[in-house]
Amino acid sequence: MESIFTRVKKLVTLITVLMLVHFFGYSQNQCKGIFSGHIQDNEGQPLIGAAIVLDPSGKGMVTDIDGNFKLNELCPGLYHVTVQFLGYQEQVFEITINGSANKTITLVPSIATLREVVVEEKLEHLETSQNYAVLSGEKLAETAGKSLGESLKEISGVNTIQAGPGIFKPVIHGVHSQRILILNHGIRQEGQQWGAEHAPEIDPFIASNIVVVKDASSIKYGTDALGGVIIVNPAELPESPGLGGMFNFVGQSNGRSGTVSALLEGGINNHDGWGWRLQGTGKRTGDFHTPDYSLTNTGVKELNFSGALGYHEEKKGFEVFVSHFSTDLGILKGTAIGNLDDLIAAMEREPPQSTGQFSYNIDAPSQNVSHNLVKLSGHMQTENGDWRVQYGFQNNNRKEYDIRKGNLAGVPSIDLQLNTHTMEVEWETPHNAFNSLCVGMNSMYQNNNNVFGTQRIAFIPNYINFSGGAFGVAKFIRDSWVMDVGARYDYRYYNAKGFDFKNSAYNESLTFANVSLTAGVTRKIDPNQSLALNLSTSWRPPHVAELYSLGTHQSAAAIEYGLLLNDTTNEVMNINDVSFKIERAIKGVSTYKHQWKNFQMEVSGFANYIFNYIYLKPMGITQNLRGTYPYFRYTQTDALFVGADLMAVWNVSKQVKVTPQVSLIRASDVTNNDVLVFIPSNKYEVAIRFEEPNQFKLKRFFVESKVKYVSRQNRTPRVITPRQIKDAADQNVNLFAGDNRIFDFMDAPEAYALVNLSTGFSINREKVHYDVRVAAENLLNTSYREYTNRFRYYADELGSNFTVSLKCVF
Numbered sequence: 001m002e003s004i005f006t007r008v009k010k011l012v013t014l015i016t017v018l019m020l021v022h023f024f025g026y027s028q029n030q031c032k033g034i035f036s037g038h039i040q041d042n043e044g045q046p047l048i049g050a051a052i053v054l055d056p057s058g059k060g061m062v063t064d065i066d067g068n069f070k071l072n073e074l075c076p077g078l079y080h081v082t083v084q085f086l087g088y089q090e091q092v093f094e095i096t097i098n099g100s101a102n103k104t105i106t107l108v109p110s111i112a113t114l115r116e117v118v119v120e121e122k123l124e125h126l127e128t129s130q131n132y133a134v135l136s137g138e139k140l141a142e143t144a145g146k147s148l149g150e151s152l153k154e155i156s157g158v159n160t161i162q163a164g165p166g167i168f169k170p171v172i173h174g175v176h177s178q179r180i181l182i183l184n185h186g187i188r189q190e191g192q193q194w195g196a197e198h199a200p201e202i203d204p205f206i207a208s209n210i211v212v213v214k215d216a217s218s219i220k221y222g223t224d225a226l227g228g229v230i231i232v233n234p235a236e237l238p239e240s241p242g243l244g245g246m247f248n249f250v251g252q253s254n255g256r257s258g259t260v261s262a263l264l265e266g267g268i269n270n271h272d273g274w275g276w277r278l279q280g281t282g283k284r285t286g287d288f289h290t291p292d293y294s295l296t297n298t299g300v301k302e303l304n305f306s307g308a309l310g311y312h313e314e315k316k317g318f319e320v321f322v323s324h325f326s327t328d329l330g331i332l333k334g335t336a337i338g339n340l341d342d343l344i345a346a347m348e349r350e351p352p353q354s355t356g357q358f359s360y361n362i363d364a365p366s367q368n369v370s371h372n373l374v375k376l377s378g379h380m381q382t383e384n385g386d387w388r389v390q391y392g393f394q395n396n397n398r399k400e401y402d403i404r405k406g407n408l409a410g411v412p413s414i415d416l417q418l419n420t421h422t423m424e425v426e427w428e429t430p431h432n433a434f435n436s437l438c439v440g441m442n443s444m445y446q447n448n449n450n451v452f453g454t455q456r457i458a459f460i461p462n463y464i465n466f467s468g469g470a471f472g473v474a475k476f477i478r479d480s481w482v483m484d485v486g487a488r489y490d491y492r493y494y495n496a497k498g499f500d501f502k503n504s505a506y507n508e509s510l511t512f513a514n515v516s517l518t519a520g521v522t523r524k525i526d527p528n529q530s531l532a533l534n535l536s537t538s539w540r541p542p543h544v545a546e547l548y549s550l551g552t553h554q555s556a557a558a559i560e561y562g563l564l565l566n567d568t569t570n571e572v573m574n575i576n577d578v579s580f581k582i583e584r585a586i587k588g589v590s591t592y593k594h595q596w597k598n599f600q601m602e603v604s605g606f607a608n609y610i611f612n613y614i615y616l617k618p619m620g621i622t623q624n625l626r627g628t629y630p631y632f633r634y635t636q637t638d639a640l641f642v643g644a645d646l647m648a649v650w651n652v653s654k655q656v657k658v659t660p661q662v663s664l665i666r667a668s669d670v671t672n673n674d675v676l677v678f679i680p681s682n683k684y685e686v687a688i689r690f691e692e693p694n695q696f697k698l699k700r701f702f703v704e705s706k707v708k709y710v711s712r713q714n715r716t717p718r719v720i721t722p723r724q725i726k727d728a729a730d731q732n733v734n735l736f737a738g739d740n741r742i743f744d745f746m747d748a749p750e751a752y753a754l755v756n757l758s759t760g761f762s763i764n765r766e767k768v769h770y771d772v773r774v775a776a777e778n779l780l781n782t783s784y785r786e787y788t789n790r791f792r793y794y795a796d797e798l799g800s801n802f803t804v805s806l807k808c809v810f
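Residue 705 in the working numbering sits at position 705 of the sequence shown, and the numbers go up by one each step.
By construction, these hints were calculated from the structure, which means they are not laboratory data.
Given the structure is predicted, the values throughout are model-derived calculations rather than measurements.
Heads up, the beta-carbon is just placed ideally off N, CA and C, and yes, glycines get one too.
Possibly wrong hints are sitting among the right ones.
No farther apart than 25 Å at their CA atoms in a straight line, the calculated lysine to any residue pairs in the SDA-like style are these [claimed, not checked]:
1) LYS706 - THR721
2) LYS708 - HIS80
3) LYS706 - ASN651
4) LYS32 - ALA133
5) LYS59 - PHE632
6) LYS706 - ASN781
7) LYS657 - GLU704
8) LYS706 - PHE743
9) LYS475 - LYS593
10) LYS617 - GLN446
11) LYS153 - VAL703
12) LYS593 - GLN252
13) LYS153 - LEU806
14) LYS767 - GLY33
15) LYS807 - LYS103
16) LYS683 - PHE701
17) LYS697 - VAL707
18) LYS683 - GLU571
If you anchor each label on the Cβ, the simulated ranges turn out as follows [claimed, not checked]:
19) ASN68 - TYR489: 34 to 42 Å
20) ILE525 - TRP427: 28 to 36 Å
21) TYR489 - ALA753: 44 to 52 Å
22) GLY258 - GLY99: 43 to 51 Å
23) ARG523 - ALA345: 19 to 27 Å
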């Protein structure tokens, strides 16, 4: 192993020396090109906040209050220019820079951008007070082969909560699951997202870009966005005859994984305005491995496809979208525990119990999840405003398998079928560069059923969920000020039916209603700097799972009980005898942006106070017929989340770019003057990238080295291990008598640092564009554990992973 590390270190040193030599070789030839101009509409009015991006330099900006832009420090050469603005057709062209160039760019109203809310959102917030980040272009392509949650880790302020090496759930500013809305093709994603180990059922290859709104200001989408909104945007459908497509292949060494994705799209001859798209992805992964051992039964199988058909003309159009997502996920064998002694051994031993040789087999414990989506949407422009309407249907089936014997072998212990219908109608005032108003209504009907035959009491009950809401949002631009305001009213009704451990039936109805508000302001101090402040109030009722969860949750390797279950008997209590409340959040986010000659910086701070915060509190160790596990109860408290995100780009030269990124977070249990569990650690990251538009007869050749440091989470509760619980029980000592403070079953892992390295290039051959990328993650094969991984009790994180990816666009 030492010889391998030695060779790797020599390779890193050699690449670094070559980068420095190349950098200093070019340092005498400073790039002094300038591209400036004006962006306007077809009536000559300036477009404020239009986005212009130059490739391959990656430089970009938004226009000022006069519609002007100016990009400095450009090297001589040919550039690919993309211009975008809400409500207007995207314009793409090429320009040669050799000194100074000036151009007036005129955008025409779009015949497609009004087709759905989300397509607008990806551009609208370029000129609002929202705190947002976008994963697109090269950065999105570099995450190919990863799940949606894992891909979003590239964004400052976004972390993940994990359940092993293959299940990633996004965390925004410390909160996750029911507090984050995910919009897939404009439809609110609805699955069994209440579980910490229930990853979003979305294929990232369908996305043209992914927008993360890191505050609660997007109230047009409904309740629950206490932490933020993740918007998965597709590319717009073609609207003229022709055929194009894309092919992706990704191979990874860790797990011996292969991913293939293909896309084909086009217009229809002699039928302008019609467009279609077909897309599919297949993925197969075997057991992942740490630096020292295999993670048995952690394989992944995935098969997804989607199709879209649409027609759009100047003032109206419609679109149909259909998708299917299916996956089989293995759960680490070492988490299936028979008794307390086995649990003690599982948390103290390495490698984990039942560790075997590499295999592609997926056995129990495991998950099988499928998600189907159908969307119908339409839009129409009138003199009095723009109308949008969309309907969505989703079917989600989740099966979770335990290790069961005899006739129950192969029978799922959880089998849930969730059907969701959504309907949305919006009206927006005619486009105006200075003012806008949007009002709308949406509704949702859900029916969740436990499929008969699991031979156990349902973990969550059958239920009906009806939700409805109405909203209004407005934007005002005056001189260098941009103001956003919004209000929303929501109503929710639950009817839940099930049985508790006493086999007593319950049938209860609950109703909730409340208001959400948002207000924000952005001040453009000068063309190079701005300051934004957003303040939002939002709310969400407890999810049915948080109220009624009952028993073993194998995929989470835990036993969980809801708010309505009696602490002693675990019987479901009458809702009139239980004091639980809706969550209510007040979140403030302030963002400062500054762009110097060769340096750009964005820093934001946030504070999120959540009243009646619902979380799973560790309560001890318990045993039932299905094994011995840590057990948790849903609990409420007042919580405060504060932190900051920083991102900067330093263009050292025309070839070398340094990108530092920092995410800080601190969470507190205000009610009990204590800390919370499973809060992400502070994260520090710096990337050094060398990129040359033309190198070795290759296009856009790059080499990037990235170092990520994650600090130890020092704000953790006291530790009471399973061994301490057993020893106390043997001595008839109650460790929790008179002490209700939160605790954890294992101390927080130590800080760690990871080194990643990647290189790639592009090739153009006639009408086909090829992107090739080779990357190494955890290059030094470091052993570490992630605090927010629920399986850190049992195993290390992944060792080195080498990736080869090929992308073809035609």
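Taking the hints in turn, this is what the structure says about them:
1. Pair hint LYS706 plus THR721 does not hold up; C-alpha atoms about 36 Å apart against a cutoff of 25 Å.
2. For the proposed pair LYS708 and HIS80, the alpha carbon gap of about 32 Å is over 25 Å, so the pair is violated.
3. Taking the CA atoms of LYS706 and ASN651, the gap is about 16 Å. The hint holds against a cut of 25 Å.
4. For the given pair, LYS32 sits about 29 Å from ALA133 by alpha-carbon distance, which is inconsistent with the 25 Å threshold.
5. A C-alpha spacing of about 49 Å is found between LYS59 and PHE632, which places the hinted pair above 25 Å, so the restraint is violated.
6. Distance restraint check for LYS706 and ASN781: the Cα-Cα separation of roughly 15 Å lies within the 25 Å cut-off, and the hinted pair is therefore satisfied.
7. The suggested pairing of LYS657 with GLU704 holds, with an alpha-carbon distance near 9 Å, which does not exceed 25 Å.
8. About 35 Å separates the Cα atoms of LYS706 and PHE743, which puts this hinted pair outside 25 Å; it is violated.
9. Distance restraint check for LYS475 and LYS593: the Cα-Cα separation of roughly 20 Å lies within the 25 Å cut-off, and the hinted pair is therefore satisfied.
10. For the hint pairing LYS617 with GLN446, the CA-to-CA distance comes to about 28 Å; that exceeds 25 Å, so the pair is violated.
11. A threshold of 25 Å between alpha carbons decides the hint, and for LYS153 with VAL703 the separation of about 21 Å falls inside it, so the pair holds.
12. For the suggested pair LYS593 and GLN252, the alpha carbons sit about 37 Å apart, so the restraint of at most 25 Å is broken.
13. Annotation: proposed proximity of LYS153 to LEU806 holds, straight-line Cα distance about 22 Å (limit 25 Å).
14. Note on LYS767 and GLY33: the hinted pairing is violated, with a Cα-Cα distance of about 30 Å set against a maximum of 25 Å.
15. Pair hint LYS807 plus LYS103 does not hold up; C-alpha atoms about 33 Å apart against a cutoff of 25 Å.
16. The suggested pairing of LYS683 with PHE701 is violated, with an alpha-carbon distance near 29 Å, which exceeds 25 Å.
17. Pair hint LYS697 plus VAL707 does not hold up; C-alpha atoms about 29 Å apart against a cutoff of 25 Å.
18. Between LYS683 and GLU571 the CA atoms are separated by roughly 42 Å; this puts the pair beyond 25 Å, and the hint is violated.
19. Separated by about 41 Å at the C-beta atoms, ASN68 and TYR489 satisfy the suggested range of 34 to 42 Å.
20. At roughly 34 Å, the beta-carbon separation of ILE525 and TRP427 lies within the given 28 to 36 Å, and the hint holds.
21. Judged by the Cβ atoms, the range 44 to 52 Å given for TYR489 and ALA753 holds: they are separated by roughly 48 Å.
22. The hinted range of 43 to 51 Å is satisfied by GLY258 and GLY99, whose Cβ atoms lie roughly 48 Å apart.
23. For ARG523 paired with ALA345, a C-beta distance near 60 Å fails the hint of 19 to 27 Å.
Violated hints, in rising order: 1, 2, 4, 5, 8, 10, 12, 14, 15, 16, 17, 18, 23; the structure is consistent with all others.
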